[in-house]
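**Q** What follows is each chain in one-letter form.
Protein chains: 2
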Amino acid sequence: MPSVSAFASSSSALLRGPPARVRRLLLAAATRAHSSAASRARGGLPRFHTPSLPSSKGEVVRIQGDEFWHMTRVLRLGVNDRVELFDGAGGLVEGSITKVDKGGTDVELLEDARLVAPQGIQWHVFAAFGTLKGGRADWLIEKCTELGACSVTPLLTERCHTIAENRVDRLQRLVLAAVKQCQRIHEMSLKPPIQIGNLLPVVSQSKLAFLASAEAPPLLRVLPKSSNEQNGLLIIGPEGDFTEEEVHALKSAGAAPVGLGPCRLRVETATISLLSALMLWSDANHQEIQQCS
Amino acid sequence: MPSVSAFASSSSALLRGPPARVRRLLLAAATRAHSSAASRARGGLPRFHTPSLPSSKGEVVRIQGDEFWHMTRVLRLGVNDRVELFDGAGGLVEGSITKVDKGGTDVELLEDARLVAPQGIQWHVFAAFGTLKGGRADWLIEKCTELGACSVTPLLTERCHTIAENRVDRLQRLVLAAVKQCQRIHEMSLKPPIQIGNLLPVVSQSKLAFLASAEAPPLLRVLPKSSNEQNGLLIIGPEGDFTEEEVHALKSAGAAPVGLGPCRLRVETATISLLSALMLWSDANHQEIQQCS
Chain P
1 MPSVSAFASS SSALLRGPPA RVRRLLLAAA TRAHSSAASR ARGGLPRFHT
51 PSLPSSKGEV VRIQGDEFWH MTRVLRLGVN DRVELFDGAG GLVEGSITKV
101 DKGGTDVELL EDARLVAPQG IQWHVFAAFG TLKGGRADWL IEKCTELGAC
151 SVTPLLTERC HTIAENRVDR LQRLVLAAVK QCQRIHEMSL KPPIQIGNLL
201 PVVSQSKLAF LASAEAPPLL RVLPKSSNEQ NGLLIIGPEG DFTEEEVHAL
251 KSAGAAPVGL GPCRLRVETA TISLLSALML WSDANHQEIQ QCS
Chain F
1 MPSVSAFASS SSALLRGPPA RVRRLLLAAA TRAHSSAASR ARGGLPRFHT
51 PSLPSSKGEV VRIQGDEFWH MTRVLRLGVN DRVELFDGAG GLVEGSITKV
101 DKGGTDVELL EDARLVAPQG IQWHVFAAFG TLKGGRADWL IEKCTELGAC
151 SVTPLLTERC HTIAENRVDR LQRLVLAAVK QCQRIHEMSL KPPIQIGNLL
201 PVVSQSKLAF LASAEAPPLL RVLPKSSNEQ NGLLIIGPEG DFTEEEVHAL
251 KSAGAAPVGL GPCRLRVETA TISLLSALML WSDANHQEIQ QCS
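As given, the protein sequences belong to chains P and F, one line each in that order.
Anchor point for the first sequence: position 98 equals 98 in this note's numbering, and the numbering is continuous, going up by one each time.
Anchor point for the second sequence: position 104 equals 104 in this note's numbering, and the numbering is continuous, going up by one each time.
Chain P extracted, bound-state conformation (with noise of 0.2 Å):
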């Protein structure tokens, strides 16, 4: 794991999203792709990961292991059935299934891969949950996963200053297992920790920056009817809360302070809460748009 000061000299590498020529792809797929995918993520073929994905159509690919098991065990899948790979990086494709066997199944493409980008507002989630016990840092990894977040980030305070290395590695286990569960067409990105004062200048780059805070105004009366913006921030803090100053110097820097409803929310809980809420929220904007336009 990178170590924080590395990290935080680059504070622009928290949003960083895939490099420019990855972008121009992704943008020039989009268009096309897009509408296919996303039907296809609310249902429609069976999806199934695969770490490398060929280019083009006619190529095979072979799956084998759990995707296998899912596949030939689980949904009974055989040959000449029609499947969806992805591999969880953007790329995307429909294939066939030619070949079953003990060890795995041969999947050939009906079409060129594709590239998708990724729709709607990304949110990227800062929660103090270093310090968090009995396995309620592993769900609320997975939960942000499955939710759809673009990234997480251990944030680092004056009650949460730390969390260990190996949980860091244990959870980045723990994201690739929920990426394929999910399904999701672009992975989860566990950021290295940060310190909150190098999460100021984030905040204050970004127009959609809520901070989780009990005696706030409910988020759906913060939430503006619709944006346009491609990056949001969340931030939680840590069991015992931030300190009065770390509130104080969020909220300087842009941070909208948002209620979490009328009980005492766990740390976890409340991250799944207004990710929930704020992920429901885009894909609700994420459509009118494209109504619209």
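A hint or two may mislead.
Note: identical chains are not told apart, hence a pair may lie in one copy or across any two.
Keeping only pairs whose Cα atoms sit at most 27 Å apart, straight-line, the calculated DSS-like set for lysine-lysine is [said to hold, decoys possible]:
#: 1; residue 1: 207; residue 2: 225
#: 2; residue 1: 191; residue 2: 251
#: 3; residue 1: 99; residue 2: 57
#: 4; residue 1: 251; residue 2: 57
#: 5; residue 1: 133; residue 2: 180
#: 6; residue 1: 57; residue 2: 133
Simulated from the structure, these hints should not be mistaken for lab results.
Small disclaimer: the values here were computed from a predicted structure and weren't measured.
Since the structure of chain P is already known, use the hints to place chain F on it.
**A** Here is chain F on its own, set in the frame of chain P:
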């Protein structure tokens, strides 16, 4: 656990609140109690659970066990510190610590105990989680409690036709722990399992019934701008989803299908995601109604 048939014979029990006498008390106390109760739930005095709450100013209640430990060791409260006591059944009162010894603390009531009415829309979750593994049912229940659901009912469907009784007993203990943790003024009710057929009449009677469905329009586009309903239903299918017949029956009964965003969510994630958005919407909606009245 009551048998499903015996239970289902009175489907109104699904949404049953406190008995009439208590309801009258609640209503009488609501106006007086709400503003302070709500504001405290959003921060304010530290709140502690006690199974039995005295009714009159000046009476003394003994706090022991976990709550004692949390009060004196975690928050380091001592003599003359003010606290709030709740019994999880609507009872709420402000008190002052008068004595701390090895076994517990004595808290003297600074006012007569108040009975606080539930505020805003009460959400009833019907989720087919009987077959969930790996503690997923546990945290579905824990998070529904934290997020403020009024009740959770295990839903029995064609693809999730049973739930172990010992699991229900275990979940009851989780609910109580979560109620204490999140300082809910009212307990969450974990109902006996219900066959989907017995849910249909309840759906027919409800004006706010939402059905989690991958291909439906996003929740936030389906929600009305505001609502004066007292109850709402949230229905989530099992792993492998509802059958087409079940979905048809629920829609025919009046359940509105709502989308879950672009990713495929697990049963427990879909439940928490939609409940979070609905609770935040209710909270905004409720505050709006209060300000208008």
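**Q** None of the hints should be skipped; say for each whether it holds.
**A** Hints versus structure:
Taking identical chains as interchangeable, the C-alpha atoms of residue 207 and residue 225 lie at most 27 Å apart whether they share a chain (14 Å) or sit on different chains (25 Å). In this homomeric assembly, residue 191 and residue 251 come within 27 Å of each other (Cα to Cα) only inside a single copy, at 23 Å, whereas the closest approach across copies is 42 Å. Taking the shortest alpha-carbon separations for residue 99 and residue 57, only the intra-copy value of 17 Å comes in at or below 27 Å, while the best inter-copy value is 78 Å. In this assembly of identical chains, residue 251 and residue 57 lie within 27 Å of each other by CA distance neither inside one copy nor across copies; the values are 52 Å within and 41 Å between.
Both within a single protomer and between protomers do residue 133 and residue 180 lie at most 27 Å apart by alpha-carbon distance, with minima of 25 Å and 18 Å respectively. Taking CA atoms no more than 27 Å apart as the test, residue 57 paired with residue 133 passes in neither setting, with 48 Å inside one copy and 39 Å between copies.
Taken one by one, the earlier hints fail for this structure at numbers 4, 6, listed in ascending order.
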